[in-house]
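Based on the provided sequences and hints, a complete structural model is requested.
The chain contents come next:
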Amino acid sequence: MGDRDALASAPCRRAGRAAVIGFLLLGLAAAAGAGQQDFKLKDMDGNAFRLADHRGEVVYVTFWATWCVPCRRELPLLESMYAELKDRGLLVIGVNTDPAANKSKIKPFVNQYKFSFPTVLDPDNNVHDTYNPTRELPYGLLIDREGNLHKTYAGYRTGDEELLREDILKLLGDAEGAAGAAAGEPGAAQDE
Amino acid sequence: MSRLVIAALLLVMAAAPVRGEDGDDGGAEDRSYRLFGTWNVTWEDNQTAEDDPGGEAYQKLKSLLNLNLLWWRMSAGVQLEYLDYSDPELVDPGDLDRLREGFELRKYWIEYLSDPFDARLGTFFTSFGHGMTLYVQKNDVVGFDEPIHGGTATLSLGRLELTALGGEVSEPLLSNRFGREFEDNLWGSTARIELPADLYIGGSVVGAELQSIYPDQDDDEVDVWAVEAGGVELGGVLDVHAEWSEIEQTERGRTEDGHGGYLALSSTMGPVTLLGEYKDYWNFAYRYNNPPTAGSTLEQYAHDDVKGPRLMVSGDILRTGTRLYGSYGDFNTHRDEGSLGGTEGDQQLEWYAGLEETAGPLYLEASYFSRDWKDRGVTEEHIIADVHIATLGGRGDVSFGYDSRLEDLGHATSDLDRTYLGFSLSPYGSVTARYARDDKSSVGTEDFWGGEVEFFPIRDITIGLFIGSDPGGLVCSGGQCRIEPPFDGMRARFAWRF
Chain S
1 MGDRDALASA PCRRAGRAAV IGFLLLGLAA AAGAGQQDFK LKDMDGNAFR LADHRGEVVY
61 VTFWATWCVP CRRELPLLES MYAELKDRGL LVIGVNTDPA ANKSKIKPFV NQYKFSFPTV
121 LDPDNNVHDT YNPTRELPYG LLIDREGNLH KTYAGYRTGD EELLREDILK LLGDAEGAAG
181 AAAGEPGAAQ DE
Chain W
1 MSRLVIAALL LVMAAAPVRG EDGDDGGAED RSYRLFGTWN VTWEDNQTAE DDPGGEAYQK
61 LKSLLNLNLL WWRMSAGVQL EYLDYSDPEL VDPGDLDRLR EGFELRKYWI EYLSDPFDAR
121 LGTFFTSFGH GMTLYVQKND VVGFDEPIHG GTATLSLGRL ELTALGGEVS EPLLSNRFGR
181 EFEDNLWGST ARIELPADLY IGGSVVGAEL QSIYPDQDDD EVDVWAVEAG GVELGGVLDV
241 HAEWSEIEQT ERGRTEDGHG GYLALSSTMG PVTLLGEYKD YWNFAYRYNN PPTAGSTLEQ
301 YAHDDVKGPR LMVSGDILRT GTRLYGSYGD FNTHRDEGSL GGTEGDQQLE WYAGLEETAG
361 PLYLEASYFS RDWKDRGVTE EHIIADVHIA TLGGRGDVSF GYDSRLEDLG HATSDLDRTY
421 LGFSLSPYGS VTARYARDDK SSVGTEDFWG GEVEFFPIRD ITIGLFIGSD PGGLVCSGGQ
481 CRIEPPFDGM RARFAWRF
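Order-wise, the sequence lines are chains S and W.
For what it's worth, this note's numbering labels the leading residue of the first sequence as 1, then goes sequentially.
For what it's worth, this note's numbering labels the leading residue of the second sequence as 1, then goes sequentially.
It should be emphasised that the hints constitute simulated quantities derived from the structure, not laboratory data.
We put the beta carbon where it would ideally sit given N, CA and C, even for glycine.
There could be a bad hint or two in this list.
What the hints assert, rightly or not - Listed below are the simulated DMTMM-like cross-link pairs for lysine to aspartate or glutamate, each with C-alpha atoms no more than 20 angstroms apart in a straight line: (1) Lys114(S) with Glu233(W); (2) Lys114(S) with Glu365(W); (3) Lys42(S) with Asp122(S); (4) Lys170(S) with Asp460(W); (5) Lys42(S) with Glu161(W); (6) Lys42(S) with Asp115(W); (7) Lys170(S) with Glu79(S); (8) Lys138(W) with Asp98(S); (9) Lys62(W) with Glu484(W); (10) Lys170(S) with Asp144(S).
What the hints assert, rightly or not - Simulated DEER-style distance windows between Cβ atoms: (11) Ser80(S) with Gly276(W): 30 to 36 angstroms; (12) Ile467(W) with Ser80(S): 34 to 40 angstroms; (13) Gly173(S) with Asp198(W): 34 to 40 angstroms.
As structure tokens, then:
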């Protein structure tokens with residue numbers, strides 16, 4: 001085993017790291033543009049979901065798990081927001097981060113709450129780890145119509161949904177509604 | 001032989017994008033760049049070594065810089081970690097980071113996404129199916145993650161999806177226990193075919209060379225395979241998943257066989273959701289699998305020798321707006337398969353029930369879990385209560401939580417009670433006071449007091465400070481949940497998301 005490590009593992013790791021660092025340095029030199037966020041996951045029924053397919057929509061991605069209490073408090077609020085704003089271009093994506101062993105429990109869980117927004121599975125946490133290496137939950141990404149990462153949201157505290165709503169309305173092009181919501185006028189946006 | 005098969009699969013997959021590059025690719029044809037990432041810095045004054053003879057406090061600085069780059073169909077990322085100890089000689093053996101110091105390129109990857117071909121080189125986590133044949137993940141209990149260093153590729157051709165992977169991975173808990181890194185080799189492949197009528201079949205095969213815990217010994221070897229089948233919303237109401245796996249493990253020249261079987265059926269009818277599960281695991285655990293528990297996601301389960309069913313009922317059953325749930329499981333060991341432990345049956349009855357209610361400014365969740373090892377005379381209980389009251393026009397939140405775990409071994413008891421009281425004000429942050437009491441009849445009682453402040457000066461920055469001690473485990477405070485290792489001292493945290 002020791003010989004194997006010396007002869008194969010270390011050079012292999014060094015080469016891999018060097019390749020990735022080189023790629024990143026090249027990218028850093030040109031990182032002034034606006035590429036779009038992308039990931040590929042499966043939904044609860046095994047169908048492929050790709051974020052890049054939803055360019056043109058304002059997308060809110062929320063990472064959650066069945067055992068996470070703040071997630072369970074936030075998800076019904078996101079469902080309400082989605083139901084209200086989906087016709088204006090909002091897409092909410094729930095990314096469940098439970099391990100693969102829990103796969104069969106997730107759909108029954110979602111069905112109880114009757115969430116209508118798409119739920120996709122990240123059992124390996126590769127996507128979650130990319131955006132949030134310390135992996136606290138919930139964790140949200142707001143992505144604009146061009147696919148740019150607009151803001152991130154760590155955790156959920158009571159009232160955070162109002163701030164998220166303002167941000168979403170701005171991206172949906174509803175500056176007036178956002179201003180109304182910011183001024184503490186509940187319903188201003190939806191009544192418009 | 002298995003590695004040759006995997007290599008051949010990877011070559012076949014690598015050829016696929018040449019044919020597929022002109023296909024519809026969703027809108028991912030933008031060839032400009034985007035850089036994003038996070039930077040997390042923690043500083044700890046760790047007193048946990050004080051209980052050890054001759055132990056002293058030490059300070060630890062940990063920085064984790066995560067950079068990601070998007071370009072066209074490709075992305076790349078690095079996670080660069082820096083660790084500095086005031087005195088490495090004093091580091092608590094329980095601190096898994098003690099095996100590393102200085103700069104460490106913890107993760108690095110290049111990923112290519114397209115239809116029909118995806119590939120990732122560098123580091124990655126992975127699992128096959130429901131985790132029965134392969135599961136390589138961060139160990140949240142100890143806050144330490146070690147991914148596979150290697151490559152993985154997936155090819156999707158209509159109803160067929162094929163994945164192959166190979167690489168090297170280190171087992172952190174084992175490495176920590178023996179004070180040296182254990183590096184194992186893994187390779188495997190999985191396939192899934194979608195059939196008409198919303199049915200599917202699939203399977204996976206995994207081979208592993210595991211470094212022996214004994215010096216100068218040959219690697220242990222593991223070969224495991226699984227087949228799976230199921231259906232989605234059959235008859236409009238029923239989801240089914242069945243998986244059967246067999247494992248052969250060779251350790252120091254001795255070979256043992258084992259198996260794992262799992263069945264899940266679920267259905268939602270009106271306000272009621274039903275989930276039925278059956279598990280049958282015999283000699284089935286190895287370093288890199290994690291089969292379904294067929295039980296609560298909050299409890300620990302052993303997978304080496306257990307079989308039995310459980311049924312869960314949940315939903316707004318009474319149509320009052322309150323979510324209710326209850327589960328009952330009846331498990332046992334394999335009596336007739338010559339267990340080395342001389343097991344004559346070890347029945348465990350397990351049930352839990354709870355409710356979740358949101359009424360105006362009030363949110364309440366409460367649950368009770370019970371496990372009764374009938375033949376051993378051991379019982380376990382777990383009580384959880386979590387209450388939130390919204391205030392200050394909906395931007396403030398007063399919260400209270402209680403979590404109690406009791407284990408009665410007959411000759412000894414263990415009781416760990418955790419309580420917290422918190423206040424948060426959106427969008428500024430939160431203040432939380434924590435208290436825990438660990439009462440072991442054979443050892444004595446230990447109290448843990450702690451206070452935590454989290455502040456968000458702007459949306460993308462978190463500043464946190466914790467002072468006190470905590471027994472470790474699932475911690476929910478400040479609107480976030482995370483699993484933390486035991487700690488005693490002061491911890492300051494800075495996180496920037498960009």
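Task: Given pair status - Glu365(W), Lys114(S), alpha carbons within 20 angstroms - done: Satisfied, since the Cα-Cα distance of roughly 18 angstroms is no more than 20 angstroms.
Open item on the list: Lys62(W) and Glu484(W) were given as a pair; does the straight-line alpha-carbon distance stay at or below 20 angstroms?
Closed with: Status holds; Cα separation ~15 angstroms.
Task: Restraint status (C-alpha distance of Lys42(S) to Glu161(W) at most 20 angstroms) - done: 12 angstroms, holds
Open item on the list: Tell me if the straight-line CA distance from Lys42(S) to Asp115(W) falls inside 20 angstroms.
Closed with: Distance of about 14 angstroms is within 20 angstroms: holds.
Task: Outcome for the supplied range 34 to 40 angstroms, where the beta carbon pair is Ile467(W) and Ser80(S) - done: At 38 angstroms between Cβs, range holds.
TODO: Compare the distance between the alpha carbons of Lys170(S) and Asp144(S) with 20 angstroms, and conclude whether the hinted pair is satisfied.
DONE: Within the cut-off at roughly 10 angstroms; holds.
Task: Restraint status (C-alpha distance of Lys170(S) to Asp460(W) at most 20 angstroms) - done: With a Cα-Cα distance of about 18 angstroms, the restraint between Lys170(S) and Asp460(W) holds, given a limit of 20 angstroms.
Task: Proposed proximity, Glu233(W) with Lys114(S) (alpha carbon, max 20 angstroms) - done: 15 angstroms, holds
Open item on the list: Can you confirm whether the C-alpha distance between Lys138(W) and Asp98(S) stays at or below 20 angstroms?
Closed with: Given that 20 angstroms is the threshold and the Cα spacing comes to 12 angstroms, the pair holds.
Open item on the list: Taking 30 to 36 angstroms as the stated bounds, is the beta-carbon spacing between Ser80(S) and Gly276(W) within them?
Closed with: Once the Cβ atoms are compared, 32 angstroms apart, the range 30 to 36 angstroms for Gly276(W) and Ser80(S) holds.
Task: CB-CB spacing for Asp198(W) and Gly173(S) relative to the 34 to 40 angstroms hint - done: 39 angstroms, holds
Task: Holds or violated: Lys170(S) to Glu79(S), with C-alpha atoms at most 20 angstroms apart - done: It holds: about 19 angstroms lies between the C-alpha atoms, which stays within 20 angstroms.
The structure is consistent with each of the numbered hints, conforming to all of them.
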